[in-house]
Amino acid sequence: MKVEDVLKIFEKNKDFLLGEVYSKSNPVACILGGQPASGKGNLASIITKNIYTGEQFLIVNGDTYRNFHPDYQNLVKNPHIYSRETQIFSNVFTEELIKEAIRNKFNIIIEGTMRNPQIPLNTSNLFKQNGFKVEALAISAPAIFTEIGIYIRYQEEVNKQKMGRLAEISSHNSAVEGVPKSLDLLYSKNAVDRIHIYSMYANEKVKSLSFDGKKWNCSLPPSNFIKTSREKQLLDKDLLQNLITKGKETFNSIRTDLKPNVAELLDKLSSISQKIDNSLKW
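Count along the sequence shown starting at 1, add 493, and that's the number in the working numbering.
Don't take every hint at face value.
Straight-line C-alpha distance at most 20 Å; calculated SDA-like pairs for lysine to any residue [stated by the list, open to error]:
1) K698 / K505
2) K761 / N745
3) K626 / Q549
4) K741 / V651
5) K761 / S716
6) K739 / K752
7) K720 / G706
8) K761 / S772
9) K592 / V499
10) K768 / L728
11) K698 / W709
12) K517 / E548
13) K700 / K739
14) K505 / K626
15) K682 / K725
16) K730 / S763
17) K495 / K626
18) K725 / K768
19) K674 / N609
Pairwise CB distance ranges, derived in the manner of DEER restraints [as the list claims (entries may be wrong)]:
20) L713 / P563: 30 to 38 Å
21) K768 / S518: 53 to 61 Å
22) E661 / K542: 26 to 34 Å
23) N623 / K505: 49 to 57 Å
24) K653 / N519: 20 to 28 Å
25) T557 / D498: 15 to 23 Å
26) N683 / K720: 20 to 28 Å
27) K517 / N754: 29 to 37 Å
28) T557 / Q767: 37 to 45 Å
29) K542 / P563: 31 to 39 Å
30) I544 / N597: 16 to 24 Å
31) P563 / E513: 24 to 32 Å
32) N735 / A756: 13 to 21 Å
Simulated from the structure, these hints should not be mistaken for laboratory data.
None of the values given here were measured: they were computed from a predicted structure.
Beta carbons: idealized from backbone N, C-alpha and C, even for Gly.
Using the sequences plus the hints, can you model the full thing?
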């Protein structure tokens, strides 16, 4: 579809998408990051319940705008082309909602993957130039955990609504590499006021870094904490076993053409689990 056609659809739905948000004298922009199936959606709840309790935010999630595609019902049945064909809706709607937030001084939460470090940097700079306080929040999760999580999430959606979204593995892998690079770039450029790192599903806070206008309160870059956190989570026996259990359930139900992918990941997870068991015997 052409951009102008997508813009027309956006304008028709703009009031609904904006909901009941109000202008703020000191608006806040929160930029979220994490690979697919890492649980980064839980970060929005942390912001509204713990960090900015009681504040209203315009929550922008590009994936939710894909269903505005006129042929959505047919596209979603083919997960191999769904993401590619609906990407323009994700991009255009997100860009337009950001413009609305800046124009009206709305608090805003933008959910993304951070696979391209330049995007969160540009987004942060844009908000800073328009008088916003900016914070970055990201999920630190082992790649293999979220890779099998993609298939688990897909099958759970199929079970509930007969269709599901399957994130592209290439995008997933780019985000795995992009999250630490994105946070390091925001850190080195002093582009945000605070950086918060959480474990998978946002179960635990890993680290918070603050910039006071002159220097950061921590001399180590964010990637240092992400690396350590990912390594630690790989040794989390409970989390590992939970993913193996859900992975086996997914394998039994998922489409035949996707079974080999799930089986390979289950083998890798089982191998990790076995190594942990062996290390405990010594």
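Here's how the hints hold up against the structure:
1. For the given pair, K698 sits about 39 Å from K505 by alpha-carbon distance, which is inconsistent with the 20 Å threshold.
2. Of the supplied pair hints, the one linking K761 and N745 holds, its CA atoms being roughly 18 Å apart against a limit of 20 Å.
3. Among the hinted pairs, K626 with Q549 is consistent with the structure: their alpha-carbon atoms are about 15 Å apart, no more than 20 Å.
4. Note on K741 and V651: the hinted pairing holds, with a Cα-Cα distance of about 16 Å set against a maximum of 20 Å.
5. Our distance criterion of 20 Å between C-alpha atoms is broken by K761 and S716, whose separation comes to about 25 Å.
6. Using a Cα cut-off of 20 Å, the hinted pair K739 and K752 holds, with the two alpha carbons roughly 14 Å apart.
7. The hinted pair formed by K720 and G706 fails the criterion: a straight-line CA distance of about 27 Å is larger than 20 Å.
8. Between K761 and S772 the CA atoms are separated by roughly 17 Å; this keeps the pair inside 20 Å, and the hint holds.
9. Between K592 and V499 the alpha-carbon distance is near 16 Å, which keeps this suggested pair within the 20 Å criterion.
10. Pair hint K768 plus L728 holds up; C-alpha atoms about 9 Å apart against a cutoff of 20 Å.
11. Between the alpha carbons of K698 and W709 the distance comes to roughly 18 Å, so the proposed pair stays at or under 20 Å and holds.
12. Distance hint between K517 and E548 is fulfilled; the C-alpha atoms sit about 10 Å from each other, no more than 20 Å.
13. Restraint check: the Cα-Cα separation between K700 and K739 comes to about 29 Å, which exceeds 20 Å; the hinted pair is violated.
14. Proposed proximity of K505 and K626 is contradicted: the alpha carbons are some 30 Å apart, above 20 Å.
15. In summary, the hint linking K682 to K725 is not supported, as the alpha carbons are separated by about 28 Å, beyond the 20 Å threshold.
16. As the CA atoms of K730 and S763 are separated by approximately 11 Å, the hinted pair is consistent with the 20 Å bound.
17. Between K495 and K626 the CA atoms are separated by roughly 34 Å; this puts the pair beyond 20 Å, and the hint is violated.
18. Only pairs whose Cα atoms come within 20 Å are accepted, and K725 paired with K768 is accepted, the gap being roughly 14 Å.
19. Note on K674 and N609: the hinted pairing holds, with a Cα-Cα distance of about 8 Å set against a maximum of 20 Å.
20. A beta carbon spacing of about 49 Å between L713 and P563 contradicts the range 30 to 38 Å that was offered as a hint.
21. Between K768 and S518 the beta carbon distance is about 54 Å. The supplied range of 53 to 61 Å therefore holds.
22. A C-beta distance of roughly 32 Å is found between E661 and K542, which places it inside the suggested range of 26 to 34 Å.
23. Checked against the hint of 49 to 57 Å, the C-beta distance between N623 and K505 comes to roughly 26 Å, which is inconsistent with it.
24. Between K653 and N519 the CB atoms are about 40 Å apart, so this pair departs from the stated range of 20 to 28 Å.
25. At about 19 Å, the beta-carbon gap between T557 and D498 stays in the expected band of 15 to 23 Å.
26. For the pair N683 and K720, the supplied restraint of 20 to 28 Å holds, since their beta-carbon distance comes to about 22 Å.
27. Taking the beta carbon of each, K517 and N754 are about 45 Å apart, not inside 29 to 37 Å as hinted.
28. About 39 Å separates the C-beta atoms of T557 and Q767, a value consistent with the hinted range of 37 to 45 Å.
29. Here the CB-CB span from K542 to P563 is close to 36 Å, well matched to the stated 31 to 39 Å.
30. Checking the proposed 16 to 24 Å range against I544 and N597 shows it holds: the Cβ atoms sit about 22 Å from each other.
31. At about 27 Å, the beta-carbon gap between P563 and E513 stays in the expected band of 24 to 32 Å.
32. For the pair N735 and A756, the beta carbons lie near 18 Å from each other, so the given range of 13 to 21 Å is met.
The structure shown violates the earlier hints numbered 1, 5, 7, 13, 14, 15, 17, 20, 23, 24 and 27.
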